[in-house]
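K.L.:
Sequence:
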Amino acid sequence: MNKKDIIIAAMLINSVMLLAIFAFSKKSKSIPAENLFPKVAVSSSMVASHAPITSQVAQPVLKLKETAALAKVEKAKVSLAKKVEQKVVKGAYQDASITLKVKQGDMLEKIAKQFGVGVKSIMEVNQLKNTRLKIGQKLIIPQRIAKTKVVETTASEAAYYTVQPGENPWTIAKKNNIQVDQLLKLNNMNKQSAKTLRPGNKLRIK
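First residue of the sequence shown: 1, per the UniProt record's numbering; consecutive thereafter.
Where hints are given, some of them may not hold.
Think about it this way: if two alpha-carbon atoms lie no more than 30 angstroms apart in a straight line, the pair counts; the simulated DSS-like pairs of lysine-lysine are [to be verified]:
| id | residue 1 | residue 2 |
| --- | --- | --- |
| 1 | K175 | K120 |
| 2 | K113 | K103 |
| 3 | K120 | K138 |
| 4 | K103 | K120 |
| 5 | K175 | K191 |
| 6 | K3 | K110 |
| 7 | K175 | K134 |
| 8 | K175 | K195 |
| 9 | K206 | K185 |
| 10 | K4 | K113 |
| 11 | K101 | K129 |
| 12 | K138 | K101 |
| 13 | K120 | K206 |
| 14 | K185 | K175 |
| 15 | K120 | K185 |
| 16 | K103 | K195 |
So the derived label-pair ranges between C-beta atoms look like this [to be verified]:
| id | residue 1 | residue 2 | range |
| --- | --- | --- | --- |
| 17 | R198 | I178 | 36 to 44 angstroms |
| 18 | E157 | K110 | 31 to 39 angstroms |
| 19 | I178 | R132 | 22 to 30 angstroms |
| 20 | K138 | K174 | 28 to 36 angstroms |
| 21 | M107 | Y160 | 30 to 38 angstroms |
| 22 | P142 | K202 | 15 to 23 angstroms |
| 23 | Q137 | K113 | 25 to 33 angstroms |
| 24 | K129 | N176 | 40 to 48 angstroms |
| 25 | G166 | I140 | 21 to 29 angstroms |
| 26 | M107 | I178 | 16 to 24 angstroms |
| 27 | V125 | K174 | 31 to 39 angstroms |
| 28 | N188 | K120 | 20 to 28 angstroms |
| 29 | K129 | T162 | 19 to 27 angstroms |
I should point out that these hints are in silico values taken from the structure, not numbers from a laboratory. For every residue, glycine included, the Cβ atom is placed at its ideal position computed from N, Cα and C.
Please work from the sequences and hints to get the whole structure.
P.N.:
Below you can see the structure in the form of structure tokens.
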């Protein structure tokens with residue numbers, strides 16, 4: 001084989017190789033992408049085992065936030081309960097009454113105004129059919145005494161004084177070194193009702 005034959009053989013071999021490469025490349029283009037990358041089955045246990053670390057950190061933070069929110073709600077409930085309790089105590093009253101003997105010149109309207117109650121209330125308590133009164137007749141005067149002082153002050157802090165013959169709120173206040181207004185306030189009285197004091201009555205002076 002001479003030199004010319006060797007060159008021709010080499011060229012033929014190269015041509016065959018080029019044709020083979022071209023054919024293979026054309027065939028590879030027609031292969032679907034799904035076949036090139038096979039599917040891999042992923043289970044839920046594999047996902048859980050590879051869960052992000054941030055989710056594990058976030059859970060305690062969320063729990064802390066929930067606990068703090070619940071604490072605020074409980075605190076608000078306690079605060080609201082205290083406010084309601086104080087309001088009930090300050091607005092509470094207890095029923096009381098004063099027995100009055102009708103004197104000459106007394107009228108039901110006058111007595112009602114003196115004690116700060118309604119004529120209708122006096123009539124209901126005494127079962128009166130009209131407003132006419134008789135001298136010597138006994139009337140029950142309904143009163144409402146606030147419970148605030150009773151609740152807020154203990155028995156050890158309170159002090160009482162027994163009214164003596166000839167005494168009145170002014171002399172009693174001076175004798176016990178307190179103001180008349182303070183004495184009346186402690187006993188839920190006004191200047192008109194203070195005139196009905198009798199010896200033996202007990203007045204709170206502290």
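K.L.:
Indicate, hint by hint, whether the structure satisfies it.
P.N.:
Each hint, compared with the structure:
1. K175 to K120: violated (39 angstroms)
2. K113 to K103: At roughly 16 angstroms apart (the allowed maximum being 30 angstroms), K103 and K113 satisfy the hint.
3. K120 to K138: Within the cut-off at roughly 16 angstroms; holds.
4. K103 to K120: Holds: K103 and K120 sit about 20 angstroms apart, inside 30 angstroms.
5. K175 to K191: holds (18 angstroms)
6. K3 to K110: violated (154 angstroms)
7. K175 to K134: violated (38 angstroms)
8. K175 to K195: Since the Cα atoms of K175 and K195 sit roughly 18 angstroms apart, the hinted pair holds (cutoff 30 angstroms).
9. K206 to K185: Since the Cα atoms of K206 and K185 sit roughly 11 angstroms apart, the hinted pair holds (cutoff 30 angstroms).
10. K4 to K113: Violated - the C-alpha atoms of K113 and K4 are around 148 angstroms apart, more than 30 angstroms.
11. K101 to K129: holds (18 angstroms)
12. K138 to K101: Status holds; Cα separation ~4 angstroms.
13. K120 to K206: violated (35 angstroms)
14. K185 to K175: holds (17 angstroms)
15. K120 to K185: Between K120 and K185 the Cα gap is close to 26 angstroms, so the pair holds against 30 angstroms.
16. K103 to K195: Within the cut-off at roughly 14 angstroms; holds.
17. R198 to I178: 36 to 44 angstroms: violated (20 angstroms)
18. E157 to K110: 31 to 39 angstroms: Check passed, 38 angstroms falls within 31 to 39 angstroms.
19. I178 to R132: 22 to 30 angstroms: Since the Cβ atoms of I178 and R132 sit about 41 angstroms apart, the hinted range of 22 to 30 angstroms is violated.
20. K138 to K174: 28 to 36 angstroms: holds (32 angstroms)
21. M107 to Y160: 30 to 38 angstroms: Check passed, 34 angstroms falls within 30 to 38 angstroms.
22. P142 to K202: 15 to 23 angstroms: This hint holds: roughly 20 angstroms between Cβ atoms.
23. Q137 to K113: 25 to 33 angstroms: violated (18 angstroms)
24. K129 to N176: 40 to 48 angstroms: holds (44 angstroms)
25. G166 to I140: 21 to 29 angstroms: Because 27 angstroms falls inside the window, the suggested range holds.
26. M107 to I178: 16 to 24 angstroms: violated (34 angstroms)
27. V125 to K174: 31 to 39 angstroms: holds (35 angstroms)
28. N188 to K120: 20 to 28 angstroms: holds (22 angstroms)
29. K129 to T162: 19 to 27 angstroms: Given range 19 to 27 angstroms: violated, Cβ gap about 39 angstroms.
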